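Chain residues, written in single-letter form:
There are 6 protein chains.
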Amino acid sequence: TKTGELKYMLKKFICCKKGFIGCSDSYKDSKVVIIGAPMDLTVSFRPGARMGPSKIREVSYGLEEFSMYSMDSLNNKSYYDAGDLELPLGNVIESMKTIKEASNCILENGKIPFFIGGEHLISLPVIEAVSQKYKDLVVIHFDAHADLRKDFMGEKYSHATVMRRVAELIGGKNIYQFGIRSSTEDELHYARENTNFYPFSFMGHIKEVFKELKQKPIYVSLDIDVVDPAYAPGTGTPEPGGCTAAEILEVTLLLGDLNIVGMDLVEVSPMFDLSERTSLLAAKVIREMLIRMG
Amino acid sequence: TKTGELKYMLKKFICCKKGFIGCSDSYKDSKVVIIGAPMDLTVSFRPGARMGPSKIREVSYGLEEFSMYSMDSLNNKSYYDAGDLELPLGNVIESMKTIKEASNCILENGKIPFFIGGEHLISLPVIEAVSQKYKDLVVIHFDAHADLRKDFMGEKYSHATVMRRVAELIGGKNIYQFGIRSSTEDELHYARENTNFYPFSFMGHIKEVFKELKQKPIYVSLDIDVVDPAYAPGTGTPEPGGCTAAEILEVTLLLGDLNIVGMDLVEVSPMFDLSERTSLLAAKVIREMLIRMG
Amino acid sequence: TKTGELKYMLKKFICCKKGFIGCSDSYKDSKVVIIGAPMDLTVSFRPGARMGPSKIREVSYGLEEFSMYSMDSLNNKSYYDAGDLELPLGNVIESMKTIKEASNCILENGKIPFFIGGEHLISLPVIEAVSQKYKDLVVIHFDAHADLRKDFMGEKYSHATVMRRVAELIGGKNIYQFGIRSSTEDELHYARENTNFYPFSFMGHIKEVFKELKQKPIYVSLDIDVVDPAYAPGTGTPEPGGCTAAEILEVTLLLGDLNIVGMDLVEVSPMFDLSERTSLLAAKVIREMLIRMG
Amino acid sequence: TKTGELKYMLKKFICCKKGFIGCSDSYKDSKVVIIGAPMDLTVSFRPGARMGPSKIREVSYGLEEFSMYSMDSLNNKSYYDAGDLELPLGNVIESMKTIKEASNCILENGKIPFFIGGEHLISLPVIEAVSQKYKDLVVIHFDAHADLRKDFMGEKYSHATVMRRVAELIGGKNIYQFGIRSSTEDELHYARENTNFYPFSFMGHIKEVFKELKQKPIYVSLDIDVVDPAYAPGTGTPEPGGCTAAEILEVTLLLGDLNIVGMDLVEVSPMFDLSERTSLLAAKVIREMLIRMG
Amino acid sequence: TKTGELKYMLKKFICCKKGFIGCSDSYKDSKVVIIGAPMDLTVSFRPGARMGPSKIREVSYGLEEFSMYSMDSLNNKSYYDAGDLELPLGNVIESMKTIKEASNCILENGKIPFFIGGEHLISLPVIEAVSQKYKDLVVIHFDAHADLRKDFMGEKYSHATVMRRVAELIGGKNIYQFGIRSSTEDELHYARENTNFYPFSFMGHIKEVFKELKQKPIYVSLDIDVVDPAYAPGTGTPEPGGCTAAEILEVTLLLGDLNIVGMDLVEVSPMFDLSERTSLLAAKVIREMLIRMG
Amino acid sequence: TKTGELKYMLKKFICCKKGFIGCSDSYKDSKVVIIGAPMDLTVSFRPGARMGPSKIREVSYGLEEFSMYSMDSLNNKSYYDAGDLELPLGNVIESMKTIKEASNCILENGKIPFFIGGEHLISLPVIEAVSQKYKDLVVIHFDAHADLRKDFMGEKYSHATVMRRVAELIGGKNIYQFGIRSSTEDELHYARENTNFYPFSFMGHIKEVFKELKQKPIYVSLDIDVVDPAYAPGTGTPEPGGCTAAEILEVTLLLGDLNIVGMDLVEVSPMFDLSERTSLLAAKVIREMLIRMG
Ligand SMILES: [Mn+2]
Ligand SMILES: [Mn+2]
Ligand SMILES: [Mn+2]
Ligand SMILES: [Mn+2]
Ligand SMILES: [Mn+2]
Ligand SMILES: [Mn+2]
Ligand SMILES: [Mn+2]
Ligand SMILES: [Mn+2]
Ligand SMILES: [Mn+2]
Ligand SMILES: [Mn+2]
Ligand SMILES: [Mn+2]
Ligand SMILES: [Mn+2]
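These protein sequence lines map, in sequence, to chains A, B, C, D, E and F. Number 208 in the numbering used here belongs to position 168 of the first sequence; there are no gaps in the numbering. Number 245 in the numbering used here belongs to position 205 of the second sequence; there are no gaps in the numbering. Number 53 in the numbering used here belongs to position 13 of the third sequence; there are no gaps in the numbering. Number 331 in the numbering used here belongs to position 291 of the fourth sequence; there are no gaps in the numbering. Number 331 in the numbering used here belongs to position 291 of the fifth sequence; there are no gaps in the numbering. Number 110 in the numbering used here belongs to position 70 of the sixth sequence; there are no gaps in the numbering.
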């Protein structure tokens with residue numbers, strides 16, 4: 041119709057910035073599905089991670105689609121940005137249920153889920169879903185904190201207990217923890233006895249460790265606070281003494297050799313990120329991972 | 041002992057700023073008990089109200105103890121600041137249970153509870169406790185929002201449903217709502233049929249309404265967003281078009297004629313309050329109310 | 041297909057927040073078209089208005105779709121949000137050309153354009169397009185500044201000259217200026233001799249003036265700095281001494297009686313708006329106008 | 041010389057923004073002398089007023105030189121901006137001595153001093169100097185605080201004692217205090233017995249009071265916190281409940297009928313003024329006063 | 041009594057966050073005494089260090105009590121947090137006198153003083169007191185600035201002269217300065233001739249130097265600006281080019297071998313620390329030092 | 041005259057902070073001329089660089105005039121700060137014309153131009169002028185971005201195309217690019233074939249490269265975003281993964297061996313620089329370069 045044509049004309053002037061930069065319009069043809077989980081119910085120090093997914097998408101347009109790191113472009117990849125999950129405010133159990141159902145849906149469609157948090161607890165239902173599909177799943181966990189508490193203030197489900205719950209699910213020996221520099225004494229004992237634990241500076245170990253993991257299905261859970269607050273101030277529980285932005289970007293190159301079947305990037309909290317460099321770093325990490333996974 | 045004396049000497053140099061300005065060291069002899077409820081689990085737009093109680097206490101030292109409004113001083117009053125409740129992060133039901141138990145404790149001791157939020161949902165357990173002690177309790181509700189939803193995103197307990205739950209508890213006819221300028225159509229119908237509803241500009245009505253309430257036990261629930269965001273920007277769901285700071289201070293004078301048996305001031309969110317004027321206004325309102333109630 | 045079904049399942053969890061709250065998916069069936077013009081090239085004091093459209097959309101979800109002011113809801117209206125125009129950075133002439141072409145496209149489709157700025161200069165190409173369709177067009181201009189300079193630093197096209205250019209186009213007698221409290225001496229003389237000029241406090245005049253305009257096609261150009269910086273700090277050239285948020289909301293009710301054939305809201309600059317109340321006020325004004333126009 | 045000429049050529053491209061907007065290059069021919077006193081040593085709640093003078097000058101270029109309020113322009117006036125005094129950090133007595141000497145210098149030259157603070161204590165040495173020249177000096181004091189303490193934390197010289205010191209100097213009956221809404225009980229008693237005291241809302245009284253003062257030499261001391269924190273958040277001890285920006289601008293018109301022989305504007309603290317509207321309001325007040333005094 | 045019991049019940053719900061995390065209730069049994077000196081009178085560039093002590097305490101609850109760095113916990117240590125000194129605003133001499141008296145009191149009680157600034161000048165009275173008790177005291181000074189001026193703007197006592205005064209007190213040869221990267225030419229000459237001077241990058245020297253100091257009583261004075269502004273932006277005179285957060289944490293391990301008899305951490309200025317990472321780093325350094333010293 | 045003398049007396053109290061710290065009053069006798077180009081018309085992600093020059097001057101007073109890096113002082117150098125160019129808002133072509141004319145004027149006077157941006161496009165007219173004087177000019181370019189696009193959104197002149205334009209002017213072989221970590225695929229191909237390209241970490245290469253350049257006239261163009269956003273957050277298009285502040289300061293030492301005939305430092309955007317450390321780093325780099333060049 042005439043109106044249809046005119047509408048098409050209007051579109052010609054429009055700059056469309058919906059979803060992560062370079063994302064495909066077609067869910068069906070995409071290999072990776074980005075999805076936001078804007079939950080920050082159990083964050084202990086400073087809330088605000090719920091605003092992470094939308095801010096990361098927004099600033100992604102400040103980057104190029106081409107990466108000088110990997111010499112490849114998002115334009116050669118196919119991924120869909122599904123937007124944010126609608127999570128009931130104040131209800132942790134129901135929120136996790138929704139996250140798991142969405143994960144199952146993506147996995148059943150034969151696609152790789154890439155969750156953007158939100159707080160770290162969102163990883164648990166995603167890993168539950170992924171581990172049901174991939175029986176010998178390995179979780180690679182980057183974080184300043186061990187997240188291995190038995191419970192937190194009486195609560196079983198918390199961003200401080202999430203890796204303990206994952207350990208109960210897939211076994212501590214299938215968890216590789218990098219960059220941890222804060223824990224309780226109990227968590228430290230648990231880590232030493234149960235998980236593969238690479239605390240503090242980890243760049244020296246990572247290549248060798250990754251070699252052993254090449255045959256395994258891998259889930260990557262990246263808490264942005266593994267990076268030093270100088271490079272990633274916008275997070276709920278910043279912990280001075282972490283790695284640099286350049287180092288976490290180098291990590292993405294090393295992850296490229298692995299068989300990644302799911303990923304999340306969590307705990308970006310835009311309110312403490314006036315310069316937006318935390319969101320930009322997160323977006324750049326996601327760009328690199330999409331080029332490897334897409 | 042010698043050490044005791046020396047310790048005493050150290051104290052002489054110290055400026056003690058614990059608790060709300062002018063608060064008593066003695067719980068036993070106090071008439072009003074201030075208590076913080078740092079919960080912000082169901083806040084819909086922007087979290088951060090959990091930091092309200094500690095910020096309001098901090099800035100209270102920027103005020104005088106003497107009030108030119110009431111020509112009286114906090115020094116002539118007796119109130120205790122119990123600090124903040126320890127609430128389990130992510131667990132709404134358990135948090136409300138703790139708030140109710142603390143309220144009961146204060147009431148059983150024959151004291152008046154003065155809660156500082158946190159989000160508006162904290163009012164529900166306090167009003168539950170107060171209404172069990174005072175059978176014909178009237179709730180005076182200042183807010184930009186009706187807070188009368190049946191549920192919010194499927195959740196029964198939310199800062200958007202709190203007054204509906206209160207209405208179910210004490211009857212809508214015992215609720216007086218002032219300053220409401222935002223609601224759903226359903227909430228508006230409910231308010232018109234059930235509560236005493238004074239939307240938008242309310243200063244013209246308030247004197248007459250208060251006259252009728254002089255014989256009743258009164259609970260005051262003051263959502264800081266009833267004030268215009270120009271005067272109170274630091275809140276989770278700011279709604280342009282509210283009253284001025286001077287008007288809400290005038291309200292405190294009018295409340296002085298009533299028999300107030302409990303109160304809360306909620307939804308102060310310091311992260312959006314660079315100039316600290318929202319916290320200062322809250323502290324000033326609390327000072328005036330303590331002078332009336334203490 | 042199976043994949044199609046599964047995609048449908050994923051959608052069920054998603055909370056879609058694209059475009060202004062409540063906007064329709066159908067351009068064809070919509071009466072009003074919202075469109076962003078993210079240009080801030082000629083802003084004289086502080087840049088940043090380019091971020092206005094996306095921020096206003098984002099915060100619009102902090103409002104209800106139902107309005108207690110007009111007792112009606114966005115749900116009963118039909119408007120389309122076309123997104124932001126793609127404007128060449130640094131090129132004023134080309135940007136204005138794109139804005140005019142987009143305006144023409146909307147007008148030719150029989151729809152009402154509602155532009156969100158961006159700086160005030162964007163109004164010129166929109167008014168050019170609208171005035172070509174409606175020969176006796178009247179422009180109602182709300183602003184702290186007269187915007188009537190002959191040129192600014194040698195430039196003909198500027199946010200400080202926009203109403204002079206409009207006057208040259210449709211005649212000063214068809215321009216009604218409200219709230220002006222800053223001008224050069226030349227601008228003041230020009231205004232007094234050419235336009236309908238209601239400087240400073242204008243609420244007392246507006247009803248009577250609007251009565252005369254009921255038969256005319258009206259374009260409304262609202263520079264957010266007409267509101268006092270206390271209520272609208274997030275703007276490029278704040279000018280203390282303006283109207284309140286409540287007053288500008290009352291203006292939207294009065295505008296409801298007129299035949300509005302185009303509108304813009306300009307100069308919202310989110311970087312100076314930590315509490316987001318400027319964007320929220322803009323979104324609320326837009327909500328009210330959509331209810332009247334939609 | 042050739043170089044001289046070329047230098048002149050360079051100047052042609054330069055936009056000179058030194059000193060307050062529109063200030064004269066000639067000290068000799070100027071009637072009013074603006075001078076900054078960047079001291080914030082005794083500020084009790086939040087420091088930062090030292091940055092007031094330079095910020096106010098900077099934002100003054102965001103205003104027009106012409107005023108629609110007074111229908112006159114800074115271009116028709118002659119005032120010199122001497123820059124900021126160099127004050128020894130940490131030394132109150134020495135700082136006050138420097139301020140007094142600079143005041144004397146300006147007065148001996150037959151010019152009117154216009155000080156920009158800095159904290160309110162800077163008014164004392166200026167008033168000392170002015171009162172030595174004008175024997176029956178009257179001080180008009182706008183402030184949220186009485187500033188009438190006998191001492192503050194043991195200190196005689198403080199921004200909380202400044203008007204008590206002035207009262208000891210020129211007699212309380214020569215002080216007119218407007219807008220006070222915070223004091224100790226002692227200060228209030230002192231004010232009632234000694235000064236002309238117009239607390240809280242003062243616009244209703246001011247015209248009549250000013251009538252009596254037409255024959256007197258007047259010094260105006262304007263603490264920006266007399267304005268409500270909504271309009272002037274950038275100050276050290278904000279006190280909710282003050283006047284509006286429009287009201288303080290109206291005050292400048294009324295002051296135009298008086299014989300002003302000295303003035304200060306104090307307590308602007310840019311760090312709490314993200315939107316810069318406090319500095320802009322201060323600059324606008326100064327513009328209006330310069331038009332009246334210049 | 042009944043009331044006493046009920047009060048006890050209330051306490052059960054309360055989360056007590058007074059003082060630095062993990063501090064003891066008993067002054068008598070504590071080994072280290074934390075005390076705040078909220079003075080910022082002589083800060084040259086940007087004030088605000090007075091808010092350092094309270095902010096550092098507040099954010100300390102964002103850390104764990106257990107340290108993975110030292111494999112020990114604050115729970116095994118005993119230290120008391122005395123709160124902040126009450127210092128007369130604007131009076132440097134009186135403030136230093138109070139700080140010295142408080143230091144003497146702590147030392148006479150056989151305890152180790154740990155001062156939190158405030159500006160660097162506060163170190164002088166503490167070192168005076170400590171050096172009277174320990175005759176061969178060595179001061180280890182971490183700073184971006186030499187702080188060795190003879191006077192500053194005519195003032196003998198200033199944060200820019202503090203180490204010169206200390207040198208006059210205990211001899212320059214007993215001062216070890218690390219990380220200095222800013223000085224006047226005079227200061228540099230003075231340092232080279234008088235103190236042990238390790239400018240710029242110092243990690244390579246520190247182990248060896250510390251070996252020589254094992255037999256000595258040591259006072260540590262840590263100006264947070266020794267750390268690069270990327271890691272510690274919240275300070276009054278940031279100087280780009282400093283050490284990392286990880287390096288200053290490593291320093292705390294090395295200090296563990298020394299006999300520390302007093303310490304201060306100064307110049308944290310929260311107003312320039314939106315992300316709170318400067319305060320968090322300060323709190324983490326204090327945690328590590330308490331574990332070594334407690 | 042008497043008045044003249046008194047004026048002199050006033051000056052004695054004044055602290056003059058006009059221009060960059062230590063700048064000379066005499067254009068004629070100066071070797072280097074600092075000049076601000078406050079243009080930010082083509083900045084793609086976040087505007088605000090126009091405020092760079094005035095902020096950098098302001099914070100320069102937070103540094104010492106003496107440099108411990110170069111063991112020399114600004115006091116021994118002679119440079120003039122001409123202030124900011126007056127550029128027509130919104131007109132790129134006219135702005136570049138003004139910049140070129142000012143550059144010519146400085147060069148014709150036998151002085152070295154040192155431009156402070158503003159956005160990177162300002163380098164083009166300066167380099168045009170300098171390359172006309174020095175025929176075999178070499179440009180050393182530090183940046184996170186290649187700035188080698190053929191055009192940007194259809195525009196030939198943009199901060200994203202500036203080095204492509206420079207290459208067309210002086211030949212790509214005369215351009216040395218350091219630190220680039222973001223480009224399109226086309227830019228990368230262009231760089232590899234045309235310019236001397238040292239992407240990512242460059243400290244290892246720089247000494248050797250500079251050796252070859254000792255005989256050449258050198259223009260240095262330093263985009264502050266070459267430094268990691270942790271150290272320089274205040275910029276328009278931050279790109280995580282850059283060099284440290286210490287490294288860029290080391291670069292200034294290495295540049296000291298070259299024959300620098302012109303320089304610019306661009307893209308400092310103060311609005312995203314709450315802690316002011318980006319401006320401080322820029323000022324420190326300028327101090328070091330002035331010591332080398334002056
Ligand atoms: Mn985690
Ligand atoms: Mn973590
Ligand atoms: Mn509410
Ligand atoms: Mn509300
Ligand atoms: Mn305008
Ligand atoms: Mn305007
Ligand atoms: Mn005052
Ligand atoms: Mn005051
Ligand atoms: Mn120091
Ligand atoms: Mn220092
Ligand atoms: Mn560049
Ligand atoms: Mn760049």
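FYI, nobody ran anything at the bench for these hints, they're computed from the structure. Misleading hints may appear alongside valid ones.
Only pairs whose alpha carbons sit at most 25 Å apart, straight line, appear in this in silico SDA-like list of lysine to any residue [unchecked claim]:
| hint | chain 1 | residue 1 | chain 2 | residue 2 |
| --- | --- | --- | --- | --- |
| 1 | B | K57 | D | G102 |
| 2 | F | K57 | E | E225 |
| 3 | B | K140 | A | K57 |
| 4 | D | K52 | F | S84 |
| 5 | D | K140 | E | F250 |
| 6 | F | K137 | C | G59 |
| 7 | F | K51 | D | D69 |
| 8 | B | K58 | E | T138 |
| 9 | B | K58 | D | G194 |
| 10 | A | K52 | C | G59 |
| 11 | F | K137 | C | E195 |
| 12 | A | K57 | F | L253 |
| 13 | C | K137 | F | S84 |
Label pairs and their in silico Cβ distance ranges [to be verified]:
| hint | chain 1 | residue 1 | chain 2 | residue 2 | range |
| --- | --- | --- | --- | --- | --- |
| 14 | A | G194 | E | S110 | 22 to 32 Å |
| 15 | E | K256 | D | F85 | 38 to 48 Å |
| 16 | D | K196 | B | K254 | 43 to 53 Å |
| 17 | B | D191 | E | N116 | 41 to 51 Å |
| 18 | B | D191 | A | D297 | 24 to 34 Å |
| 19 | E | E148 | A | E248 | 55 to 65 Å |
| 20 | F | C55 | D | F85 | 35 to 45 Å |
| 21 | A | G194 | B | D191 | 20 to 30 Å |
| 22 | D | S66 | E | E134 | 40 to 50 Å |
| 23 | B | S110 | E | G150 | 31 to 41 Å |
| 24 | D | K256 | C | K247 | 29 to 39 Å |
On a predicted model such as this, the values are computed, not experimentally measured, just so you know. Quick reminder that beta carbons are idealized off the backbone N, C-alpha and C, glycines included.
Right, here's what the structure says about each hint:
no., hint, verdict
1, B:K57 to D:G102, "41 Å, violated"
2, F:K57 to E:E225, "21 Å, holds"
3, B:K140 to A:K57, "47 Å, violated"
4, D:K52 to F:S84, "30 Å, violated"
5, D:K140 to E:F250, "52 Å, violated"
6, F:K137 to C:G59, "41 Å, violated"
7, F:K51 to D:D69, "16 Å, holds"
8, B:K58 to E:T138, "21 Å, holds"
9, B:K58 to D:G194, "22 Å, holds"
10, A:K52 to C:G59, "18 Å, holds"
11, F:K137 to C:E195, "15 Å, holds"
12, A:K57 to F:L253, "44 Å, violated"
13, C:K137 to F:S84, "20 Å, holds"
14, A:G194 to E:S110: 22 to 32 Å, "29 Å, holds"
15, E:K256 to D:F85: 38 to 48 Å, "42 Å, holds"
16, D:K196 to B:K254: 43 to 53 Å, "49 Å, holds"
17, B:D191 to E:N116: 41 to 51 Å, "49 Å, holds"
18, B:D191 to A:D297: 24 to 34 Å, "49 Å, violated"
19, E:E148 to A:E248: 55 to 65 Å, "57 Å, holds"
20, F:C55 to D:F85: 35 to 45 Å, "26 Å, violated"
21, A:G194 to B:D191: 20 to 30 Å, "26 Å, holds"
22, D:S66 to E:E134: 40 to 50 Å, "44 Å, holds"
23, B:S110 to E:G150: 31 to 41 Å, "49 Å, violated"
24, D:K256 to C:K247: 29 to 39 Å, "44 Å, violated"
In summary, the numbered hints that this structure violates are 1, 3, 4, 5, 6, 12, 18, 20, 23, 24.
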